[in-house]
Structure formats: structure tokens, C-alpha cells
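When you get a sec, could you build the whole thing from the sequences and use the hints?
Here are the chains, one letter per residue:
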Amino acid sequence: GQNIDQPTEMTATEGAIVQINCTYQTSGFNGLFWYQQHAGEAPTFLSYNVLDGLEEKGRFSSFLSRSKGYSYLLLKELQMKDSASYLCAVRGGDYKLSFGAGTTVTVRA
Amino acid sequence: IAGITQAPTSQILAAGRRMTLRCTQDMRHNAMYWYRQDLGLGLRLIHYSNTAGTTGKGEVPDGYSVSRANTDDFPLTLASAVPSQTSVYFCASSPSSEGHGELFFGEGSRLTVL
Chain L
1 GQNIDQPTEM
11 TATEGAIVQI
21 NCTYQTSGFN
31 GLFWYQQHAG
41 EAPTFLSYNV
51 LDGLEEKGRF
61 SSFLSRSKGY
71 SYLLLKELQM
81 KDSASYLCAV
91 RGGDYKLSFG
101 AGTTVTVRA
Chain R
110 IAGITQAPTS
120 QILAAGRRMT
130 LRCTQDMRHN
140 AMYWYRQDLG
150 LGLRLIHYSN
160 TAGTTGKGEV
170 PDGYSVSRAN
180 TDDFPLTLAS
190 AVPSQTSVYF
200 CASSPSSEGH
210 GELFFGEGSR
220 LTVL
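Residue numbers (this note's numbering), protein chains in the order written: chain L, 1 to 109; chain R, 110 to 223.
All clues given are correct.
Here are the in silico distance ranges between beta carbons for each label pair:
no. : chain 1 : residue 1 : chain 2 : residue 2 : range
1   : R       : 131       : L       : 76        : 34 to 44 Å
2   : L       : 68        : R       : 223       : 43 to 53 Å
3   : R       : 186       : L       : 70        : 31 to 41 Å
4   : L       : 59        : R       : 121       : 35 to 45 Å
Sample of chain L residues facing chain R (criterion: CB under 10 Å; computed from the structure):
no. : residue
5   : 2
6   : 4
7   : 37
8   : 45
It should be emphasised that the hints constitute simulated quantities derived from the structure, not laboratory data.
Using N, Cα and C, we set each Cβ at its ideal position, and we do this for glycine too.
Put into C-alpha cells, the structure is as follows:
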């Protein structure tokens with residue numbers, strides 16, 4: 001089975017940077033995903049890491065360390081529209097995607 | 110618009126009733142999934158299908174069944190609904206069950222069992 005941990009909530013100010021950490025313990029590893037989910041909506045894909053290192057995509061970056069079972073999602077230049085839940089998900093050895101409970105980020109003006 | 114369509118969007122159901130949640134995708138993806146999302150627990154996999162004609166059990170399959178008669182459709186059936194099945198159900202698909210393929214999600218079906 002998979003064990004995926006991420007903080008429940010985070011609050012930050014508009015224009016600031018927030019880092020959402022995710023630790024995992026899995027049976028096998030075939031990639032780590034980050035999804036964004038606004039309240040009442042479907043999750044949407046943000047990033048994918050399968051090798052160690054940083055992947056940058058505009059204001060969002062995602063980092064992976066497979067040896068430490070650790071990832072983070074970095075949100076820069078926060079905007080009000082970034083208020084959402086951010087889901088860390090791991091594809092295990094069976095290629096199934098398992099999700100953490102999500103981190104609710106609130107951006108304040 | 111290409112994507113995944115779920116129906117119904119919302120439903121209130123009496124305990125003991127049978128219910129089928131419909132899911133259709135037009136992206137010709139091989140793999141399809143059903144997740145339920147509950148507060149504090151995140152998305153949990155109920156059933157999956159790697160390709161038409163095959164299905165498998167996920168993390169929480171009890172009380173649910175699925176079928177995959179063709180590529181596009183993947184209905185989820187609750188044979189006899191119970192209040193613990195009150196949840197938001199998301200159908201998802203990906204091009205392949207392996208590799209990089211990200212999951213694309215439908216808009217969700219909110220089910221309340223009384």
C-alpha cells in the first residue's frame with residue numbers, strides 16, 4: 001500500500017511564495033504527480049516528476065527526491081486564484097495512482 | 110468539447126436502492142478509474158480498468174461494481190446503497206495504465222444516501 005502525507009492547511013499572502021511538502025512510502029515508484037482542485041471542481045494536472053530534481057512550469061515548480069521519499073510543490077507570486085487544494089499523488093509499482101488527503105492553500109490579500 | 114462526462118451531477122438516494130453512475134470519455138483513453146473523495150481522506154480508488162473488457166479492484170471496492178464493455182464507457186453501480194457511500198465520485202481516464210499518463214477527471218457526481 002501507499003502512505004502519503006502532506007499538511008492539511010497553509011495560508012499565505014498574495015505575491016508571496018508557498019512550499020507544500022509531501023512525503024511518501026510506497027511499494028515501488030513510477031512517478032509523482034501534483035494536482036490542483038478548486039472547491040467543488042475536478043482535480044486538474046499540475047506537474048509530474050519521475051526523476052530526482054526540480055521541474056519548473058511558470059509560477060509552479062515541483063521537486064522530487066526518490067531516496068528520501070519527498071517532494072514539494074512551490075507556488076511563486078501567489079494570486080488569489082491559487083486558493084485551492086493541492087493533491088500529491090504517487091504512482092506505485094502497480095501503476096495505480098494513490099492520493100494524499102490534500103493541502104488547502106488560502107491566499108490572503 | 111473533448112473530455113469526460115459524468116451523470117448525474119448530484120443525486121439523493123434512499124438506502125437500499127440501486128444506483129448507477131455513468132461515465133463516458135471521448136479521448137479514446139485505454140485506462141479508466143473511479144475514485145471517491147471524502148473530507149480528510151482524499152481520493153480513494155474504487156475500481157479501475159486498464160483496457161476495454163478488463164476491470165480490477167482498487168483500495169475500497171466493497172459495495173461497488175463496474176463494467177467496461179467498450180473504450181468509452183465505464184459505469185459504476187451501487188447494488189444496495191448505504192449511508193457510508195455518501196461521497197463525491199470522480200471518474201478519470203488516462204491514455205495508458207503505465208508510463209507518464211496523467212489522469213483526466215470528470216466533474217464529479219455528488220451522491221447522498223439517506
